[in-house]
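Read off the chains here:
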Amino acid sequence: MAKRLIPSLNRVLIEKIVPPSKTNAGILLPEKSSKLNSGKVVAVGAGTRGKDGKLIPVAVKEGDTVLLPEYGGTEVKLGDKEYHLYRDDDILGTLHD
Amino acid sequence: MAKRLIPSLNRVLIEKIVPPSKTNAGILLPEKSSKLNSGKVVAVGAGTRGKDGKLIPVAVKEGDTVLLPEYGGTEVKLGDKEYHLYRDDDILGTLHD
Amino acid sequence: MAKRLIPSLNRVLIEKIVPPSKTNAGILLPEKSSKLNSGKVVAVGAGTRGKDGKLIPVAVKEGDTVLLPEYGGTEVKLGDKEYHLYRDDDILGTLHD
Amino acid sequence: MAKRLIPSLNRVLIEKIVPPSKTNAGILLPEKSSKLNSGKVVAVGAGTRGKDGKLIPVAVKEGDTVLLPEYGGTEVKLGDKEYHLYRDDDILGTLHD
Amino acid sequence: MAKRLIPSLNRVLIEKIVPPSKTNAGILLPEKSSKLNSGKVVAVGAGTRGKDGKLIPVAVKEGDTVLLPEYGGTEVKLGDKEYHLYRDDDILGTLHD
Amino acid sequence: MAKRLIPSLNRVLIEKIVPPSKTNAGILLPEKSSKLNSGKVVAVGAGTRGKDGKLIPVAVKEGDTVLLPEYGGTEVKLGDKEYHLYRDDDILGTLHD
Amino acid sequence: MAKRLIPSLNRVLIEKIVPPSKTNAGILLPEKSSKLNSGKVVAVGAGTRGKDGKLIPVAVKEGDTVLLPEYGGTEVKLGDKEYHLYRDDDILGTLHD
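Residue numbers (full-length UniProt numbering), protein chains in the order written: chain A, 1 to 97; chain B, 1 to 97; chain C, 1 to 97; chain D, 1 to 97; chain E, 1 to 97; chain F, 1 to 97; chain G, 1 to 97.
It should be emphasised that the hints constitute simulated quantities derived from the structure, not laboratory data. Here a beta-carbon is modelled for each residue, glycine too, at the ideal position from N, C-alpha and C. Treat the hints loosely; a few may be bogus.
[Said to hold, decoys possible] To be clear about the criterion: a stretch of chain C counts as covered by chain D if any three or more of its residues have a C-beta under 8 Å from a C-beta of chain D, and this derived list gives those stretches:
1. 5–14
2. 47–59
3. 73–86
[As the list claims (entries may be wrong)] Pairs of lysine-lysine, DSS-like flavour, derived with a Cα cap of 27 Å:
4. Lys51/F with Lys54/E
5. Lys40/D with Lys77/C
6. Lys51/G with Lys54/F
7. Lys51/A with Lys54/B
8. Lys77/B with Lys16/B
9. Lys40/F with Lys51/A
10. Lys51/E with Lys54/B
11. Lys81/G with Lys40/F
So that you can see chain A by itself, here it is in the shape it has in the complex:
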């Protein structure tokens, strides 16, 4: 019954990646390794309209893994899951393996 959200304008819907605090074998990981604040792009808005009315598309796309700023973003709950909305300009970059 969870609703699907299409972000407006240049907003980006993010599902944060929570780093495991234990390994599979149950060993507690040191806090430092969980510092990277990253997320998965779930949905992006259509972009903002420039001064001349043309759409400026959002700089990230669905499926991207992104680096997020420490502060900011709006918490959104859809069904049981927690998401965050960010303006695309607030996203620090995309992460690649």
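Assemble the complex: chain A is given as a structure, and chains B, C, D, E, F and G must be docked to it using the hints.
Here is chains B, C, D, E, F and G on its own, set in the frame of chain A:
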């Protein structure tokens, strides 16, 4: 005798969706399930004029279900019903089943 | 002997609509029904000039009934009557029966 | 020996209209009738240059009677007379009989 | 040995006109007559570049007598003489006999 | 297992150059010689989109040695290494031998 | 071993001119004569990109003697020498003999 309001410029008239706090059978729902601040778009303005005088249309349309920010919006009472006015840029996204 | 005012640029001259606090039969109306802050557009400016020098006309026109924000506007007294000046962007919308 | 001032850019030189506080017959007028803060346009600037370098002319012209905001404006003394300089955007409107 | 200053961008070099506090015959003038804060334009910058890279020339020219705002301006000493630098937008107007 | 970060828009990923506080021979260097706050450009964003939607490329490129402002920048940890993100406008210049 | 700095965007690298506090013959000069805050332009950035992506060149050039504002500028040490970085808009003007 209620008046009809056509929002000006990029304003959007919203009727907030109040989630039922009880089920039809009278069972109280836990508070958490009512967290989503959403509304129905009742009317939209004609848009703002860009620097070159052309209209930039509003990003949502009548009938859309939208996700609203926690704060902001102007309360408006038309007849017996309570509405809220938002700038289209303040609307976080549209909700779809 | 009252002077006529033509608002400058994107300003709009408004005569506020004071809702009757009693019915014709003298019955006091509850306070809540008088909450709508509306007015009649008496005169509008020629509009502001955009970056390219072209006039961007005011979004409302003489005779419109408009919804006004709770705060703002400049009180102007012309002859015995009290008016208010608003920037057209501050007007929330137009009211229709 | 008074100098003549040509305001720069979008500035407007105003001679304030001081309403008589007595009638010709010497009767003191009630304070309320003197509330309108108006003035005569004595000189206007050539206008400001827009982003594309073209002049955007001042919205009022010499000889106009204008409604002034309660605050703002720069006092200027030329010879024995006191004037005020306003940006044309600060002028609320023009007054007509 | 005094250096010559060419102001940058839209800056204007002004030599302030100090009104005589005594007449030639040695009579002290009342303070009020010295209120006008004016100066002579000694040099002007080439202007600022607009968004499209074109120069927007300075609104006053060498030799103009200008009215200055009460505050602002940067004091500059060249040789023995004291000058002031103003942005051309801060100059209130030009004075003419 | 360290991830690679592609900065968004006009952001620049920097690896700071930590000046040696001792010489190879183990002699402590005076503090003054370590004042220059510089770094190596590891990755740059695609640039920001101008008002007309066109990309404005980042002013520095991968491999550049840059001079950094004393304050600002966002710390990012990728694998074991510490990096900093800066907006390209905050970078003071490029350093060359 | 000193590095060469190419300022970014519209930044200008300045070597301040320190006025002699004694004459060659060893006579102390009065403090007033050292008031002029000037410098030599050592290097300039490529300019900033305007809204349309075109470079707006820096208003001063290498070798110019410039008048600097009393405050502002970022101290940079290259080798043994101390320099200052200014935005070209902060430079008050160029000095000529």
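Holds or violated: Lys51/E and Lys54/B, Cα atoms, limit 27 Å. The given pair, whose Cα atoms are some 20 Å apart, holds under the 27 Å limit.
Run the distance test for Lys40/F versus Lys51/A: straight-line Cα separation, threshold 27 Å. At roughly 36 Å apart (the allowed maximum being 27 Å), Lys51/A and Lys40/F break the hint.
Coverage criterion applied to the segment 47–59 of chain C (partner chain D; beta-carbon cut 8 Å; 3 residues):
holds (count 4)
Lys51/A paired with Lys54/B [C-alpha distance capped at 27 Å]:
Given that 27 Å is the threshold and the Cα spacing comes to 9 Å, the pair holds.
Between Lys51/F and Lys54/E, is the straight-line Cα distance small enough, at 27 Å or below?
Holds, because 18 Å separates the two Cα atoms, which is no more than 27 Å.
Take the segment 73–86 of chain C, compare each residue's beta carbon with every beta carbon of chain D, and decide whether three or more fall closer than 8 Å. Since 5 is at least three, the answer is holds.
So if I understand the rule, the pair passes when the alpha-carbon distance is 27 Å or less; does Lys77/B with Lys16/B pass? Status holds; Cα separation ~12 Å.
For the pair supplied as a hint, Lys40/D and Lys77/C, is the alpha-carbon distance within the 27 Å limit?
Distance ~18 Å between Lys40/D and Lys77/C Cα, so the pair holds.
Checklist entry - Would the pair Lys51/G and Lys54/F pass a check requiring their Cα atoms to be no farther apart than 27 Å? => result Holds. Lys51/G to Lys54/F sits at ~9 Å (cutoff 27 Å).
**Pairwise hint evaluation, Lys40/F against Lys81/G, where the allowed Cα distance is 27 Å at most** = holds, 22 Å
Using a Cβ cutoff of 8 Å, are there at least 3 residues of the segment 5–14 of chain C near chain D, or does the coverage claim fail? As far as the segment 5–14 of chain C goes, the hint holds, because 7 residues have Cβ atoms under 8 Å from chain D.
Checked against the numbered hints given earlier, this structure breaks only hint 9.
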